[in-house]
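Student: Here's the letter readout for the chains.
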Amino acid sequence: MVDLSVNCAGIKSSNPFWLASAPPSNSAYQNCKAFEKGWGGTVWKTIGEPVMNVFNRYGGLDYNGQKIFGLNNIELISDRPIETNFREIAETKKLWPDRAVVVSLMVESKRETWHEIVKRTIDTGCDGIELNYGCPHGMSERGMGAAVGQVPEYCKMITEWVTEISTIPVLVKLTPNVSNIQLPARAAKAAGADGITLINTINSIIGVNLDPFELKPNVGGKGGHGGYAGPAVKPIALHLLSQVAIDPEVNLPISGIGGVSNWRDALEFILLGASNVQVCTAVMHHGFRIVEDMIDGMTNWMNEKGITSLDQIRGKSLPRIDNFGNFDLLNKTIARIDQQKCIHCNLCYVACEDTAHQCIDLTEENGHSKTEVREKDCVGCALCSLVCPVDNCISMVRIDDGSTSKTWNQLNEEFRKSGKPMTWEELAKFQHKHGIEIH
Amino acid sequence: MKNIAPKLQADQYERNFSDLHPPFTQNAATTEAFRCLYCYDSPCMKACPTHIDISTFIKKISTGNLLGSAKTIYQSNWVPLTCAKACPVDVLCEGACVYNTKGEDPIQIGRLQRFVIENYFEKGMPTLFEQLPKNGKSVGIVGSGPAGLACGAELALLGYAVNIYEANKIPGGLNTWGIAPYKMRREDSLKEVELVKSFGVDIKTEVMIGKTVKVDDLLKQHDAVFLGVGLGESPQLSIKGEELSGVVGALDFIEKVKTENWTNVNVGKRVAVIGAGNTSIDAATEAKRLGAEQVYIIYRRSDVEMSAYEFEYQLAKKDGIVFHFLTSPKQIIGKDSVEGIECVKMKLAEPDIRGRRKPIPIPGSEFTIHVDMVIKAIGQETKSNFLSSIPNVTLDEEGCVIVDQTSYQTTNAKIFAGGDCINGGKEVVNAAYDGKKAAQGIHAFLSDQSKGEK
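The listed protein sequences derive, respectively, from chains H and E. Residues 9 to 447 in my numbering are what the first sequence spells out, letter by letter. Residues 798 to 1251 in my numbering are what the second sequence spells out, letter by letter.
Rather than coming from a laboratory, the hints here were simulated on the basis of the structure. Honestly, I wouldn't trust all of these hints.
[What the hints assert, rightly or not] Derived contacts from chain H toward chain E, CB cut-off under 7 Å, selection only: (1) Asn72; (2) His352; (3) Cys353; (4) Asn354.
C-beta: ideal position from N, C-alpha, C; glycine also.
Sequences and hints are given; from them, build the entire structure.
Tutor: Below, the structure written as structure tokens:
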């Protein structure tokens, strides 16, 4: 029997799918509706200082006719009175004792102010606190959000003000708008945080309207940077997640966010070490109902694989993360085209010919074109298999027998020991010895 | 005609002849354009007789470059609106789309092309091509159908003075009056004529070469001549009763449907169409849509041998047309008007050397179908009388003009030809290609001549 329940830093939920702190988790009405649809938890939209929003606040990035491949926003934290939020959080938690209700907080950088809001938040009966150090717009200019997350010292100081009085788990939500995500994560750890949430949105200008040259979103003729989210940011989120997950100095549970749209995305986050995932853009695109397939799809996948708990797979892909210098230079793959499946679009040909290694021949056969890989010239870059529109038509086949392997680091070490400098000529000898010709 | 089918309400005619493939909205066109894989050296381009760079024009739709898209199309084809609406895309570009091999619906290339070209006309035909300065030479074109228009457009841009001579009252040839209204309206063809005229091409209508203007005068007047005269009348059935009132030729009937008010076009209550080509299907479906109660198609071979395309066959069946395969008309019965048609059942002989199975009558299998109208659609004859009157132009045994495959030059060096009069009857798109290629042939011929003079 599959059990989807998770425990992230002591915050338990019946499934790993939480609403991220964002417009969908703005009110009791919305959070309760989400719970009815099956969401395992919510991170209540950030409460804190008084704010007022502008009207137009979202910009969408469409791609090849698909809407909202990315979404950016300049919406601020909750613009509803804080008392209303406290009341609704308490009511919601009372109605849904088995779901995780986490409250996102952001106030000015004063110890007393933080103490005050943390106490009031705990009084609602919620399950945890998330510190919003990531919001890149509007709040950061006022010394909050990303302005905190980008300076590890501030991150540590404010987190300490919270952890020193909190009786419930504290998650620190990090901004991706830094050059090394490990530094603020370590600061959170040092300050006693129970877990990390990442990533918040990425600084972005979503686009420029070609007609009146206005920015998107356009607010009365003006625009500016906003927070970028949605499917397009998933690869960035996965990378930053892995960086924090493999850092032995952090070693905290992680709630993963960034372009999670379905159960497959969620599994990728979990395989890279996330305890659970948080979702926003996909919900903003299609509504709360998407969680049904998230739960159903993940359950079916786990059943098929004979996995009963997400604990069994959490972080399972992390040991594979390594540096380029440790990759095997002699693990030879080449592309093979299945002529039975080929539909003769010739996209592999033009991609290889114009932009890769010119190793696909285009000929005529039986009245249609034929594409064939010249295997001795193929470097195995896999571009052709990526552009091919037919599933499993171009496969990357391993052709070495696995008996020899050599990493760049090993090769360098050998040169160092032999006292020979690594020159182009010496490298060519090594390649030639292993049947590799670069031309 | 004895029993004329009751007339319909005006809105009913409109519904009956409404677009078979309605236009794309901007959004639907973009979505469909995004679906295109943008194949390299694409099969659709190869399958198009004019070799339009289809994946490029579709890519341009997806980026919102509709003017550039139109230019890509016009670089290969001068009557793209007609082609978009009347081409048998299932057996040409869309039939070659790689999505078919992938087991998915092909890209709707015809509808996308229509979208681009209709947008181009809506924008008021902005200039796409630079026109070369006048070179002092003139070319006369006989016939303003797709071949003539394509040839004229191409030559006008190259700097030639072009005169097109059209026998009909309205220009455009079969594009204007030979395509079923649910595929294309007359106005669409005339828009394409207008575009060609905008390049300075002069079109004289109601001019019959050989009658109004003598062939010799035509040849004297111009440095070169292009023949795009198409085909002529339907041949005789050569059976008894063919002279009765209610017996008409398919092309005359189709032309009437295109040129007259639909209420003025009489059809019988019951109609028999003889022949099972694409023109037969047009005539049959048009008769049905004009209010005929029952329409039969009578064909002496079977569905395997008929020349109508599969989608045309399906369209006819959907319209409730009844097919009598392996049936040959023996005589048309009636006093003054058609009352019926006596037919005989046929069987197919073993294939001959050319693989054709000859239909043979089955003795004693005669039967009569009661009809009020007979439409003859057994092909078109070549205009061999006219063509053979032109000096030094040679015809093949079918009566088609013999031309050089590359230059489209006839055996009279000064005369070129293209379209149905050289191929015996193909698609609009073939004629469009011929016309363009012939223009290039004429240009090469006259350029060489100028060099010789210098």
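Student: Each hint should be assessed against the structure and marked as holding or not.
Tutor: Hint check results:
no. : hint   : in the structure
1   : Asn72  : holds, 5 Å
2   : His352 : holds, 6 Å
3   : Cys353 : holds, 4 Å
4   : Asn354 : holds, 4 Å
The structure meets every hint from the earlier list without exception.
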